[in-house]
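**Student:** Given next are the chains, with one letter for each unit.
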Amino acid sequence: MAGLATVSASALLLTACGAAPEAGSTSSAGASDYTGCIVSDSGGFDDQSFNQSSYEGLKKSEKDLGIKVNQVESKTNNDFEPNLRAMVTAGCDLTVTVGFLLGDATKKQATDNPDSHFAIIDFGYATPISNVKPIIYDTAQAAFLAGYLAAGTTKTGTVATFGGIKIPTVTIFMDGYADGVKYYNQQKGKDVKLLGWNKEAQDGSFTGDFEKQDVGKQLTQNFLDQGADIVMPVAGPVGKGAGAALKEAKAAGKDVKLIWVDSDGYLTAPDYKDIMLSSVMKQMGEAVETVVKEDKDGKFSNTPYVGTLANDGVQLAPFHDLESQVPADLKSELDQIKKDIVDGKLKVESAASPKA
Amino acid sequence: MSDKHPPKHAAGEPGPGAEEATPAEDSTAAVVSVDTAGGAMGPSAVPATAQSGQLPGGPDTVLRRIFTGSGMVSVLAVLLALIIGGLLIASTDKQVATTSTYFFARPTDFLAAVWNAATRSYIALFQGSVFNPRGNSVAAQFAPFMETLTIATPLITAGLGVALAFRAGLFNIGAQGQIIVAGILAAWVGFALHLPVGLHLLLVLVAGIIGGAFWGGLVGVLKARTGAHEVILTIMFNYIALYFLRYLLNTPAFQRPGETNPISPILDPSAVYPQIFGTQYRLHLGFLLAIAATVLVWWLLNRSTVGFEFRAVGANPKAAQTAGINVSRSTILVMAIAGGLAGMSGVAQVAGTEKVLTDGVAATYGFDAITVALLGRSTPWGTFAAGLLFGAFRAGAVQMQIQTGTPIDIVLVVQSLIVLFIAAPPLVRAVFGLNPRRKKQARTAKSRKAATTGGAA
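The listed protein sequences correspond, in order, to chains A and B.
Residue numbering for the first sequence follows our numbering, beginning at 1 and increasing consecutively.
Residue numbering for the second sequence follows our numbering, beginning at 1 and increasing consecutively.
Keep in mind the hints are simulated off the structure, nothing from the lab.
Where is the CB? At the ideal position from N, CA and C, for every residue including glycine.
The reader is advised that the hints may include incorrect statements.
Stated by the list, open to error - Across the chosen pairs, the derived CB separations fall in these ranges: (1) B:Val75 x A:Ser301: 48 to 58 Å; (2) A:Asn311 x B:Val75: 54 to 64 Å; (3) A:Ile129 x B:Thr92: 35 to 45 Å; (4) A:Asp214 x B:Thr92: 25 to 35 Å; (5) A:Gln186 x B:His229: 53 to 63 Å; (6) A:Asn222 x B:Ala139: 56 to 66 Å; (7) B:Ala139 x A:Ser301: 33 to 43 Å; (8) B:Ile123 x A:Asn302: 31 to 41 Å; (9) B:Gly278 x A:Glu62: 35 to 45 Å.
Throw the hints in and build the complete structure from the sequences for me.
**Tutor:** If you want it as structure tokens, here you go:
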């Protein structure tokens, strides 16, 4: 122990022995005056969900477009209004707000400051506001593909899903997934069962929040006990609970798979690489960057940005390591379905779909 | 208040009389006055509690000491927490990191960077909570202070609820649930009923207070009738309230027409608190009510029979019972009043700042209220002051984050450190060399320790 302490102490000493820099050499990147700002909801920018993706999109614009970025996290709903006001006062050209909870606060600031521009993620207003651009997603389209994929890959004939909290941005995944399974059954005359969500009744399994991973694990174990072998958790970080349960099942010799949501789980949740079948991705970062770029070029409009399969706003992620487990004809069927949805031949509907 | 005048006179006799007896003996002990009885009787109370669940638990003696420590400890705890918070800010600062690499070549750079990082953040904190000299008008310059008062409002009332229950020997950590239930009722009255101006707001306030009082009182009843421990009860009641709220927000009655997001309609304009100093500040009538509540609690505790009974039960329930005080009644009543006070926080939230009901309606006020009551040593005005301080922290944190990029979490760290230090008064006194009797011993112990560690290295 003492030896270790000595080593680390001397390491500290060594690092502290560098030469002092000369004064007067400050660098300035002659970037644009445009400032893009972002206000999180109470999840914070490390929520592994939409706050984080949106924030990363803005950070990327900082690098790609040379804009200035200002960000502020909200800890409680009480912070929304002061945070937004502070952003407007700080001279933000465009302020991105994340989530429906900020809907009222964004509306208020937008009305009070008609010259500032705003973009709100995952929320649309019934009556559009001239300086607020909603960024919304028809996630059901990509989730439909995931449902079809799951139904076509399952060995037990049972697949499952569960949500974090029953809100439209969550249930839209589950609706699309349910329809994908149903479509597969119709096409193939099979009877793949779906656990955890009933589209007609709009009711299913929820963990109650986006935090408690153990509840997600428990739910997943229940699904496994009922014979499911593919699970799609729509619950942000709680998905890791599902991942843990599936990993245990895999270690016990079961052939189980996980479908991630929001981002490509193969990259963002690499612990579960070996069971990651695919992911239903919402490309929020790209959307934010696009909106920032448009506004910077003076082409701001309040028409909602709707992420669809057609504009790659929502996507089904690659199969990565499980590529070999997906039959080739299933892959071509998925491509065909995607094409049909893009062409409008196949309609994917959800009560939570953006009305635009 | 006026209808309670007769009991006030009756209480006047024993109340101050009991208090005056103690300071006569030892002036320094005055602060702890009535509560010292708890300290003295503490050991004997433990087995008694174990036998009859009616009485507040044994560990409360430690808690009581924590809750009613000296004012000096509170101030020093805040100071110490701020210093450590400053060091934490500095340790994550880029400039500090770069200058530390050549610490031995030019140590002044490093020290200056540490000083700069910490002071820059704290100056931003101050500017965001009290006075912003860069505002372009007097109104804008004082806007931060108004924000502080706004955020302090729910903290003060919920803190008073926790403090009051504590004086009666109950560790009420159910403010969170009480705020939620109050918020549900107040918000519902606010958006579902459409009543004339004045009456509507009054009804919102009454509904909130009743909601909180009901939720708190229920804990009191269970405690008094079954002996269940109030800590367990309040924690569980917090969960019940939260999940009930989430359930309600999933029903159409609590959603906006045509939407399925879990957010209630906006409250009617007639149901929200008027803004005291115009629309440019969020400060609302709820703050004046919080001041009124503080006065009321002070009067209740120090001038009324009921309050005297609360304190007597808090000091020693067994003795209080022997003296003819109805302990069960006191328990139920104090929890109901505490819940009502927390309920005012719920009203301040839905009718003051947010104007809608979401599942984040209580924010973290219910738990912050415990810290506020701790810091305020469970006295009404102490709680008021602590509420203002925490309001300032919260309001300033937003500015600090925007101006300096210091994460808002640092304020939570400072808050937690305050609790830690308040819970360990000897530690705080030792740090500032205020342990008169042990001073010498501590010093010798320290030097001896230094010698041994020196040898090991």
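**Student:** Against each hint, give a clear statement of whether it holds in the structure.
**Tutor:** Verification of the supplied hints:
{"no.": "1", "hint": "B:Val75 x A:Ser301: 48 to 58 Å", "in the structure": "55 Å, holds"}
{"no.": "2", "hint": "A:Asn311 x B:Val75: 54 to 64 Å", "in the structure": "59 Å, holds"}
{"no.": "3", "hint": "A:Ile129 x B:Thr92: 35 to 45 Å", "in the structure": "38 Å, holds"}
{"no.": "4", "hint": "A:Asp214 x B:Thr92: 25 to 35 Å", "in the structure": "31 Å, holds"}
{"no.": "5", "hint": "A:Gln186 x B:His229: 53 to 63 Å", "in the structure": "57 Å, holds"}
{"no.": "6", "hint": "A:Asn222 x B:Ala139: 56 to 66 Å", "in the structure": "58 Å, holds"}
{"no.": "7", "hint": "B:Ala139 x A:Ser301: 33 to 43 Å", "in the structure": "35 Å, holds"}
{"no.": "8", "hint": "B:Ile123 x A:Asn302: 31 to 41 Å", "in the structure": "39 Å, holds"}
{"no.": "9", "hint": "B:Gly278 x A:Glu62: 35 to 45 Å", "in the structure": "37 Å, holds"}
No hint from the list above goes unmet by this structure.
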